[in-house]
Amino acid sequence: MATKASRTAARLMLAPAVILLLGWMMVPLTMTVIFSFKRYLPMRGGDLGWVGFENYVRFVNSSAFWPAVQSTLMIVGGVLLITVVLGVLLAILLDQPMWGQGIVRILVIAPFFVMPTVSALVWKNMFMDPVNGLFAHLWRFFGATPVSWLSEASMPSIILIVSWQWLPFATLILLTAIQSLDSEQLEAAEMDGASPLSRFIYITLPHLARAITIVVLIQTIFLLAIFAEIFVTTQGAFGTRTLTYLIFQRVLESQNVGLGSAGGVYAIILANILALFLMRIVGKNLDR
Amino acid sequence: MSIRTSLGIASALAIATATAGHAQDLSGTVTIATVNNGDMIRMQGLTADFNAQYPDITLEWVTLEENVLRQRVTQDIATRGGQFDVMTIGTYEVPIWGENGWLVSLNDLPDEWDADDLLPAIRDGLTVDGELYAAPFYGESSMVMYRTDLMEAAGLEMPEAPTWEFIREAASAMTTDNTYGICLRGKAGWGENMAFLSAMANSFGARWFDEDWNAQFDSEEWANTLNFYMDMMGEYGPPGAANNGFNENLSLFQQGRCGMWIDATVAASFVTNPNDSTVADQVGFALAPDNGLGKRGNWLWAWSLAIPAGSQQTDAAKAFIAWATSKDYTALVAENEGWANVPPGTRTSLYENAEYLEAASFAEMTLRSINSADPTQPTVDPVPYTGVQFVAIPEFAGFATEVGQEFANALAGQQSVEVALERAQALTTDAMESAGY
Amino acid sequence: MARAATTQRKIINTAFAWMVGLLIFFPIMWTILTSFKTEATAIADPPVWFFFDWTLDNYRVVQERSDYSRFLWNSIIIAGGSTFLGMLIAIPAAWSMAFVPSKRTKDILLWMLSTKMLPAVGVLYPIYLIFIKFGLLDTRIGLTIVLMFINLPIMVWMLYTYFKEIPGEILEAARMDGAGLREEILYVLTPMAIPGIASTVLLNVILAWNEAFWTLNLTAAKAAPLTAFIASYSSPEGLFYAKLSAASTMAIAPILILGWFSQKQLVRGLTFGAVK
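Chains as they are written, first to last, in the numbering used here: chain S, 146 to 433; chain E, 8 to 444; chain Z, 154 to 429.
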């Protein structure tokens, strides 16, 4: 049992982290909320007074708002789906006995180390360029017309790029989870005549549930904030403007800080709804 | 490189900076934000010459891609961040920032810098109320660049001042399996596709706003402009054109993939440079096309160097700007890289220099294009704004980029011209309302 | 018979796994290969694989344009510094939550993680103004602090899941033997926690190294790390694939090598206590 003294000590040890994070969150957030109720145009003299909820109304009513929410959810959802499904398959594959498992693992983990800016640049230019990209060469080799990926299939292209970056993360977590699976259980099921598919559905998948939750949680946090990949590739054109990018356009390109801040508050609300939803699941899983 | 060596370099740099701070005369560290265009990269390579004259001034370069640069310097100047002593900006920013009192006047640059030698169109674009707020590094208009060999093979002859109809006809005749008849900007952005399209729209009689600041995308003229552009690009343009900006098109043209390309006049020296271009000796030039309405589709732009008010290094920064935009710098580049590669479009004396005219086949057409652009009266119908390929108000960069995205979407075939114009009209109106017009 | 079947399966597995591994790694390999080509070879159709005149020219050109070592040094300081600073705050916090849990522990943890969902763009303006006020723009210390805050929740979370795995009985036994808080931490906990701390450090160095929004927006020349280095190569005039590849390789190589060498620790760190 913890003593009273150690409880006090524990509080003191926790305090710096909590206070600092609270400050980090509250100070900019408060400023953002204040800005969001103002007509704030740096190019026209800065703070031009209070306007009530005008910015909030304008932001939601703009034709770009709902498509942006939709694109955000599509990218997050698409990447999660791809990384989890492929991650599970890849994890199962890597769990099989084979030669050079260590090296294969090194190859698979590599994209995780690549800066988002670099990976977006490399994919955009060296692979997806419709004239000089490798895909274009490949398409021409088979006699097909090269696809201009980033304009004609912009959303799938961005999801592909981001999934490539996050697949290693998912794979590695799921692989560790699979490795901890009791192999005797699987063997017993095999003896009882269970097909590989039902073994996967009834034994492997439930075992992975917790790992999948963690993958979904952590990735969602990072995916909601995706910026570099869009900034480098499409700059928000062709239906890839996410909420984050829309705010960026309002604040930096239009230099309308009030409007952008209102957007920022919406984004925070959206993130928190998602967070609440996720946290509940994770919270449950943490108790196990 | 080991950590220790980089430590050594870092501390050596720190010492160098510190000692510079104590030296007499002009000294200090000047931080320069610039765009990663070829001419600026070249300037970065020639700083030894500057340091020979000013040994105590240290130049720190921040070289960024155009979009990143714009975002960084705008953010910095709007908040008075003071991160930069010299900023590379254009004819769009200078009047707005100058009016706000955010830039240091350059009227007191030394006499030998010779402000009177600047091309009048360019100088006017950088002057607010008699104060010159930025020194032009290079200036440009736009013109038609075409492949003389392909034109000949198609049995056509490019007039000096073509019409849009002729351009379409030629594009059709020059398109083959391997060559695209015409390459134009499609990449979304106010300085990318909208620069081209706004200038083109001028020659079709369209305009951004009427005299009461009402957006005009619901007009017949804009529909004509956009339909003509889409049809021509769809049939004779390269694939993925909606992602092609200046650089992408330049690279296509240098590889011999384009029959014609209507873009910045500065590109002329790159496409005629045999080191980079496979078609260097087969390029001809013509004025930007028109529709017989009295306006041509050519723009006016100058990448210029300016000092943000509040810089701690104003004098050193001025010394640098005077060096980088001087006639001597031009001569220095000519000596190192040849006359054809000097930064064009800023000084009258350059266009009177026989050596330059000899080396640069595009010189005359460049000068004519620059001189024919009129930012004060850019359109057929009257407008309340100045600027040929932009509208000189602070909100323009924001909504024009979004309009550009709608047009790029249409070019990629994801929406129709009508829908793109409708959306452009709606979002421009909205942006203007929120800006208080 | 059975043995032959397993060997056969192993061969198939191996072939398949290698194929997938190489496919995933391919973009990086292609970038590295391209960095040694000339610009013309880089866009050749059909693509040239290994048999070309290998050249270091691109690296020379890139180095001439921007002094690599300076950006590298900034990256090292900022990534290392923010991780170090973060650990100083995160270790005590995680320790206290793991060993002296209260009713609110879980809520605090989840709240911390939720601060990461704050969209950076939304608070760029406030942060920029604060930075100007305190003269932190373009300083390594300013960037170090921001990145520390960004990654702090992840650090606390990871450390917490590690510390929780340390059996409480050991602590109690130590206390019975008369060990104070200091001894407890120094002699009992530290040795058991070191692997967890190591993997947390690694993951955070990687995250801080690759962070591209704040590092680009809050620096100019003096504190600019490798993310800014790469920002000047995104679309230069003319042909640039080979130069872009060289710059990319230079930007990712240090962290790629670090990651590979320490991948065992990293993999453990990445699991966030999800799997035992």
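Hints are computed from structural coordinates only; laboratory data are not their basis.
There's no promise every hint is true.
With a straight-line cut-off of 30 Å between C-alpha atoms, the simulated DSS-like cross-links for lysine-lysine are [said to hold, decoys possible]:
#: 1; chain 1: Z; residue 1: K163; chain 2: S; residue 2: K149
#: 2; chain 1: S; residue 1: K149; chain 2: Z; residue 2: K317
#: 3; chain 1: Z; residue 1: K256; chain 2: S; residue 2: K183
#: 4; chain 1: S; residue 1: K149; chain 2: Z; residue 2: K256
Verification of the hints:
Between the alpha carbons of Z:K163 and S:K149 the distance comes to roughly 58 Å, so the proposed pair goes past 30 Å and is violated. Of the supplied pair hints, the one linking S:K149 and Z:K317 holds, its CA atoms being roughly 20 Å apart against a limit of 30 Å. For the proposed pair Z:K256 and S:K183, the alpha carbon gap of about 40 Å is over 30 Å, so the pair is violated. A distance of roughly 15 Å separates the Cα atoms of S:K149 and Z:K256; the hinted pair therefore holds under the 30 Å criterion.
Violated hints, in rising order: 1 and 3; the structure is consistent with all others.
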